[in-house]
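Residue numbers (my numbering), protein chains in the order written: chain G, 1 to 377; chain D, 1 to 348.
These aren't lab readings, by the way, just hints derived from the structure by calculation.
Some hints here could point you the wrong way.
As the list claims (entries may be wrong) - Taking lysine-lysine pairs in the PhoX-like style, the calculated list, with each CA pair at most 25 Å apart, reads:
(1) Lys132/D <-> Lys71/G
(2) Lys230/G <-> Lys267/D
(3) Lys228/G <-> Lys166/D
(4) Lys344/D <-> Lys228/G
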Amino acid sequence: MKIKKFMLMLTLLLALGMVLGACGSGDEGSGSDSGGEDTENSGSDGSDSGSAEGGDFSVAMVTDVGGVDDKSFNQSAWEGLQAFGEEHGLEEDEGYDYAQSESDADYNTNLNRLVRQGYNLIYGIGYLLQPAIEEVASQYPDTNFSIVDSVAEGDNIASITFKEHQGSFLAGVAAAHKTESNHVGFVGGVDGDLINKFEAGYIAGVKSVNKDIEVDVEYAGSFAASDKGKLIASNMYSGGADVIYHASGATGNGVFAQAKDIKNNNPDENVWVIGVDRDQHEEGAIGDDNVTLTSMVKRVDIAVQDVSQQAMDGEFPGGEVLEYGLGDEAISIARTNEEALTEEITTAIEEWKQKITNGDIEVPSTRDELKEFESSL
Amino acid sequence: MFSNRLVNILIPIISVILGLLSGAFIMLIFGYNPIQGYAALWNGAFGDLYFLGETIRQVTPYILSGLAVAFAFRTGLFNIGVEGQVFMGWLASVWVGVSFEAPMIIHLPLAILAAALAGAAWGFVPGLLKAKLGVHEVIVTIMMNYIALYSANAIVRHVITDNADKTEQVAPTASLGSEWLEQLTYFSRLHYGFVVALFGALIMWFLLNKTVRGFELRSVGFNKDASHYAGMNVSRNIILSMVISGAFAGLAGAMEGIGTFGYYSVKSGFTNIGFDGIAVALLGGNAAIGVIFAAFLFGTLKIGALNMPTQAGVPTELVEIVIALIIFFVASSYMIRWLILRFKKEGK
């Protein structure tokens, strides 16, 4: 008796499942077939999957934990791929696609899966993927890989790096011209080679304009801790700094929040933020005012499109380290806040930019180089 | 007819089914095809040997972190600090792995042992505070998680390396990795850690169910005062329980340290191995064998989920929702138990 009742319950559950299932497959009848094909492909030896699609070119990317809606470089890279796909009439999910990583254990799995789905070129977005890319690239020599923001070794890997120090230098020039207290700040994400490049370039830019300007440097230890960003910004602003440049991803949202809070309390206060990676003009909007002085824009999308194009033309720069800088327009200074970034400042930025592209000055990219640079001033 | 044992087995199974069904509902509501979604999940976890290897790799630390939580639970302690103990175990195993060379027969066991000891030490502190001063272990372990996260970062940065983001790769003699397993599974990161994990489950079962010490530990979990009255040393058992729990967690860290990754990189947040361990232990009914099955389910969901966006277009967030729903139904097992009992009564 009791068992019967219980079986009835289980049966009902199962039946419910079936009904739901039936509704589902009704929507897109042929959809479930595609799953089968994929696994057949991936069952074959991995090494020949790169050429499985014949003449068709396909490209995919693996995000770091930020995801494609991070308003920063993952998003920018994805926009680049989308633009590339549209330009060449590729279809999303077949010609170009992305895989999102939830934790750093997922990088290898995602890269491997894309290889096995037969993509010709696979991007790893962010320096965190460097070990994973090197490992997977050595296992699949027939597939091309590319890493953004880091240098990975391998004949089938193209490393995309940016001369962030150059852009940061110009950001420093802007800050030095804007500051009234002769005191500016820098907020970094994770203390490491990459962000040190921003720091060195920025300080060099500030000191080149005026050696006596004081620069506060502070690291939040994370790219996703906006609470810490706010705290650090609060300390810096109350300590007398009036322009803060952040190179800290989502941590920087806290810097913006603090600047806007100050501006809210007293609209005459002189506080500015310099954004990073994308033009962060929107981030700084408060009423009719805007606390975003400018942004150091890093066009990951341009670089991604460029490398995809080269790979498609059969000229994939494997084993090379590509450096995108001011000359390629891949690094630039945003001019959206015309009110704050006055004529005088933009002329100054242009002058320094000329000097950098001409090679008149070598912008330091590490703390050691910065020391030398400062002593030469 | 419905023995308690049967009910105990049925509850997690029904929870999982309900969770999957509600997941299907949500997929339907948002206009995704649940059959396609779950098919992608299945293919992503078992589609071929590569994915099977990755799934087992993911299951390995979950088994150990689940055991860690379950062990403490059985003694009536809530070890939220598994996350921190995982960090410590991870760091210790890598540290041993990179700092010197030795024959494998010494190096590998030493690295594993170091991980267990580091985790145990991290569990000892909250155990001691709880036993001697009555400080609640939940609060202490949560704080210890942060201490572990940031001190491990500082050690990697300033002690093991010179201001680098990650340590060197561990020496091959200290690695659990195996070329044979990798080739068998088309370069997945499967390693011998799963043997350690299964052995860990065996140890937990034996310790709790077959030894006097285990009886004492469980007894303290059931009723502290009665145990004290029966002449058991309650505070020693509390400390011991946290230490053993921490050792399991440390081993989970070693699985990542000398198994999956082979290095420790500076972390900006938690890995969730420890926190997921809480759910694994709950789902597995705090028993060794249950934890293995629950860890398997979690690992499958985690790895399979990665395939859902590419193959079926279902966002990964949705898989997180499905997992959350399963945990929800497990946590509300009282409701399911009540329903079963109700059926039972009506049947009479």
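Tested hints:
1. Between Lys132/D and Lys71/G the alpha-carbon distance is near 50 Å, which puts this suggested pair outside the 25 Å criterion.
2. The suggested pairing of Lys230/G with Lys267/D holds, with an alpha-carbon distance near 21 Å, which does not exceed 25 Å.
3. At roughly 23 Å between alpha-carbon atoms, Lys228/G and Lys166/D fall within 25 Å of each other, so this suggested pair holds.
4. Between the alpha carbons of Lys344/D and Lys228/G the distance comes to roughly 55 Å, so the proposed pair goes past 25 Å and is violated.
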